[in-house]
Amino acid sequence: MAEIESKKGEIYELKAELNSDKRERKKEALKKVIASMTVGKDVSQLFPDVINCMQIDNLELKKLVYLYLMNYAKTQPEMAILAVNTFAKDCNDPSPLIRALAVRTMGCIRVEKITEHLCEPLRKCLKDEDPYVRKTAAVCVAKLYDINQQLVFDQGFLDLLKDLLSDSNPMVVANAVAALSEISEQSPQIQVFDLNGPTVNKLLTALNECSEWGQVFILDTIANYPPKDDKDAQSICERITPRLAHANSAVVLSTVKVLMKFLELIDPNSEFVQNLYRKLAPPLVTLLSTEPEIQYVALRNINLIVQKRSDILKNEMKVFFVKYNDPIYVKLEKLDIMIRLTNSNNIAQVLAELKEYATEVDVDFVRKAVRAIGRCAIKVEPAAERCVNTLIDLIQTKVNYVVQEAIVVIKDIFRKYPNKYESIIAILCENLDSLDEPEARASMIWIVGEYAERIDNADELLEGFLDGFKDENNQVQLQLLTAIVKLFLKKPTETQELVTKVLTLVTQETDNPDLRDRGYIYWRLLSTDPKAAKEVVLAEKPLISEETDLLEPTLLDELICHIGSLASVYHKPPNTFVEGRFIMKKKLPFRTGIHHEYEDITTMQTNQQQQQQQVVISSNVGSLIDDFDILGPMSNTSSTTMNTFEHTQQQTSSAIPNLLDDELSSILGLDSNVGGHQTPMMNTNTSLPINRLTTSTGNDLDDLFGDINLHTGPSSISFSSPNTLVLPKEIWVSAQKGKGLEISGTFARRNNQIVMEMDFTNKALQSMNDFALQLNRNSFGLTPLQPLQILNPLFPNQTIPIQLILNANGPIMKMDPLTNLQIAIKNNIDIFYFNCIVPIHILFVHNGEIDKMTFLQTWQDIPENNEIKYQLQNINNLSIDDLQNKLRLNNIHTITRTIIEQKEMLYQTIKLTNGIFILIELKITPGNRTIAFSLKTKVPDVANLIIQAYELILSSN
Amino acid sequence: MIGGVFIYNHKGEVLISRVYRDDIGRNAVDAFRVNVIHARQQSRFPVVNIARTSFFYTKRSNIWLCAVAKQNINAAMVFEFLGKMIDIMQSYFGKISEENIKNNFVLIYELLDEILDFGYPQNSDTGVLKSFITQQGVRPITREEQTNVTSAVTGQIGWRREGIKYRRNELFLDVIESVNLLMSQQGQVLSTHVAGRVVMKSYLSGMPECKFGINDKITVDNRTKNPLDSTNINNNSTTNGSTNPSTTTTKTAIAIDDCQFHQCVKLSKFESEHSISFIPPDGEFELMRYRTTKDISLPFRVIPLVREIGRTKMEVKVVVKSNFKPTLIGQKIEIRIPTPSNTCDVQLLCMKGKAKYKSSDNAIVWKMKRMGGMKESQLSAEIELLPNDKKKWNRPPISMNFEVPFAPSGFKVRYLKVFEHKLNYSDSDTVKWVRYIGKSGLYETRS
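Going line by line, the protein sequences match chains A and B.
Heads up, the first sequence stops at 957 in full-length UniProt numbering, and the numbers go up one at a time, no gaps.
Heads up, the second sequence stops at 447 in full-length UniProt numbering, and the numbers go up one at a time, no gaps.
Just chain A, same shape as in the assembly (with noise of 0.2 Å):
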């Protein structure tokens, strides 16, 4: 009590304090309110008093005022109107800085009332005889289509702004070429920002004199720009090359990233490249010297360079050499781009460094240093026995991690260079002891089985840590079994103890079905013909590939074309991280020889605005923080709990029965214990992992699941047509992200169920398994009907289709936008978590008809601010009937179609999986594309994304 008291005696001083005759006290009691809004204090009922002040002719105080003003006017709309006079005042004052003062401030009050009386001043301000005024105007006609975007279409800004691209003051330019930029950007549809030859001419002439960030916001509008044809881009890369000797980082990168696009579209043998080449490297180099968190933004923008034009820094591996004092971000981003320059020339010094990081403090980076050692080795030849060398020296500092992550190494080069270095394996077996993590114990026991045969007590260790196998992470459990399967082989005289002993132990005492099934397997093989089973087992293993970590190309070049900016430090899309707005998907241009490129790519556009699906991922790179939250436990099918439900599963369930049957149930037959008998396939299985041919390439024993899978049916759900629009898969989780784990994906309306079909490929080096999938809790209930259900192992460089049908009747969760979706895998490696956008008609149920006279009773119903009107474009001139029948395959059913005044009327329904009806009308003018298009739903959240997927399907094929 005393407390709000006390505040409320706060209030009523500074309340009589404001309203003082004394301009000092006004002015200190104004401090003090400003001071309080800083900390986050209401002061909004100041407001009425604060207000008062605003009539003193003092432009300090006036500033503070406009500051109080911009805070609160929102909550007070009423009270806000009392400014409109000074401001209008304001305006018209003699002085520029006045006049401009009130336009900014104007702009930034988002208040109806004030944004109508802000037209007329603007208007007059845009064309103000003061450079000053007019480049605020200009921003503010940005502000302005934050707040009412019809309003600056009515009012004719957006030609008063383009007509201040030709303004003789440069810093105009910039700031009206910034203010298009942004608008365009918010609404990709209406061609906003015409940005053709003349034009760029004018932004190239402003650029030489305009301010540092006026030559970043140019820059980065004519990255958009598509030169006409290579001789285009050649001039335009010649005329911005300068900026490349700027002081400013920004401009730097921003030239940088104009040079990278335009690039493509030259020949890449010609004298021009290679000069630039030679123009471009010098400038990226210095960028290392300035501040970290520049160095840092720099770093993650050549890592891009660098996998897209190596050429470029070839010659400056150095540079990259790690600092002592450097920031951690600083030291891992050089590391990963040493690794990636990293050649048969200058490995000696790059290895030598290496050594050195490995004996530094930082775990994470003493880590990626050993990991890059064993990478130069699989990447350089020449250079694999100074690695290996290497590496036995750090294992013999016994410093545990160190230890652990050269054990994982080394294991891939043995894959990469078989019976090579087997002379160090009696070293490695001395740390055995020391290893507590899970990756450098399987690993260890990998060599262990693989080179049984070497390695004397190779029987001894193995049991050794069969001892505490009940303890064992899934992942050396699995390793463990194979292992001593190889040495059974191998050793099959002093070992059957052994093998007996773990068989008997995975069959009998596990609870982890893959662990089971894999020992089933191994022990039919072994009891029926143990020369197939040495033929599957000791097969010979695939190479592995000598780059790791590369980002796959198009997301590479879809992130060249954002160079410089948020998208390139994060390596994500922008879709992933920023929110709501539709976000044009950046394309690179194409080189095609022919002066048709320009046509590419406006062709190349229009598709990409019917790619409208959002996928989004979650942002968390690296220790980035997400709010994500998953609500109960993960549900898993291979959690230990449901073990009773499994084998009855397993029973009705396609997968293993069908993975089996052929030649191998006879095996089975001999066992009861899994279901040996055929089952008929169940359509109301929810997750089907389709084994198509799959490539796979790990270990034993992914062949073995490979060839048995070749004798199996190929299993799918069939679905009758007719199908809703299907958008393309896109990647949701990209393997750098996942761990190696890709996931793709899309949604689909099939048999009217709701149903998210993925694909999910392993990228990594390791099987993966214990696949789960939750989502959270969205807008409109979507949950899966039953749990996923992935029952083999996903083998390196496998992929699995999978379709998963969701129900709508999950709990709800209001989210921003609507449809968006977050969704978390999980595997034994890691969880997931990740937003995808669900396109809206999806959610269109096939019942959504509604008879004539309720679609009358209800459009009348709904009040008429309810009703949102659109112009769609019939953008592939459809007739009206391909345009209703398209619709209607999409459950957009056309309730009535009349003619009135010589245009077309059509009058539709959809109802979501919610319930919520939603009633259109179009008027169509024949001849014309422009489809008038009004909506009214009671629901009015949901009017932007049905426009949306009118405009989808109205223009996909």
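If you're looking for bench data, these hints aren't it; they were derived computationally from the structure.
Do not rely on the hints blindly, as some may be mistaken.
Here are the simulated lysine-lysine pairs, DSSO-like style, with alpha carbons at most 30 Å apart [unchecked claim]:
1. A:K279 <-> B:K217
2. A:K398 <-> A:K470
3. A:K318 <-> B:K317
4. A:K869 <-> A:K911
5. B:K354 <-> B:K317
6. A:K398 <-> B:K317
7. B:K95 <-> B:K84
8. B:K313 <-> A:K323
9. B:K201 <-> B:K294
10. B:K95 <-> A:K32
11. A:K323 <-> B:K332
12. A:K74 <-> A:K938
13. A:K22 <-> B:K130
14. A:K314 <-> B:K294
Based on the hints, put chain B in the right spot on chain A.
Same frame as chain A, but now just chain B:
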């Protein structure tokens, strides 16, 4: 664009909060405090994404500066802007500290209103800002002055106002080079480069056009073709005491890997004619930055010898050699020799200067006020260690600080010509001073 700018103290209390965009709410202020300032684990990246909002931050002493955005904005620009904002604040009220920020918060808000509009950075040149945003309230400025201000803010020469007058036209050029070195234990140079800056202090009247010439390889090569340029190497410049040794000994040109200029330099002219011409801001500014990697004369060499005798004793011997002309003198020499964290006692012996063991820094600090060229000095230390420390000591590099009166890259100012056509003073009436300073950047030798 930038949605908002926040400044916090070390406790995470918000000192300044200015929001520019509607998509940034009050909760953003708290999100950063909770997830970064108060986070249990120190954040490892300078950009953090929390709930789809990106936070760009940097720290000065114990003050956090943070810019927020919800869009895919130009990250390099945001950091450049934060840096600029720090520069502006420093030039207005000195050190960035909690007290200074609290005392000047009205000024900071005023500045933030001017240099960012709707999140777009605007003219942020300190000189120009100071002409119309002042700490002592707003000066009652005349209309004429106001138009001057607006034309300065938006003008093609946004960094200089018209009508500047000096009785004596004078300019100072400081060539300041940081030498960076990483040397292996065996004395092999792993990497070395010079990061140079040309800082100019100009006190010139009117709108002077300046032309600056250096002994860059490309320019010098051009010069032989272009007789106009070789007329006179400005001998008018008085060097104050310390001359560049290369002026007397060698006249060779140096290879500059890369250079960058202040925004006043006409970049297109540099690209086409390789000439550096500009109208300078008034007062001090950084005209040029450059980087060289070839033919660097390393002023000092450190030769370490570390011997571990058993588990409780270490012997360290460090020799420093100066490698420049005997007539020149190096100053402010400091050598830091890291010691293990379990050091318990250090016995020191040095021939010159003072050496001390600083347990708080885990290092032996050896200081010499000055050292002549072509000299050598030595320090030996016996370090006793506590035996029970299991952790391996990772031997951080020995670092060195110094200052020498020449440019280790061989960089040389050939001329700086001043032309002012309207006012009546000529190039020869201008007094010019040039000074060369070589400093240590990261100058490390692995031990």
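Hints and how they fare:
no. : hint              : in the structure
1   : A:K279 <-> B:K217 : holds (16 Å)
2   : A:K398 <-> A:K470 : holds (27 Å)
3   : A:K318 <-> B:K317 : holds (29 Å)
4   : A:K869 <-> A:K911 : holds (19 Å)
5   : B:K354 <-> B:K317 : holds (15 Å)
6   : A:K398 <-> B:K317 : holds (28 Å)
7   : B:K95 <-> B:K84   : holds (14 Å)
8   : B:K313 <-> A:K323 : holds (28 Å)
9   : B:K201 <-> B:K294 : holds (29 Å)
10  : B:K95 <-> A:K32   : holds (24 Å)
11  : A:K323 <-> B:K332 : holds (23 Å)
12  : A:K74 <-> A:K938  : holds (26 Å)
13  : A:K22 <-> B:K130  : holds (28 Å)
14  : A:K314 <-> B:K294 : holds (18 Å)
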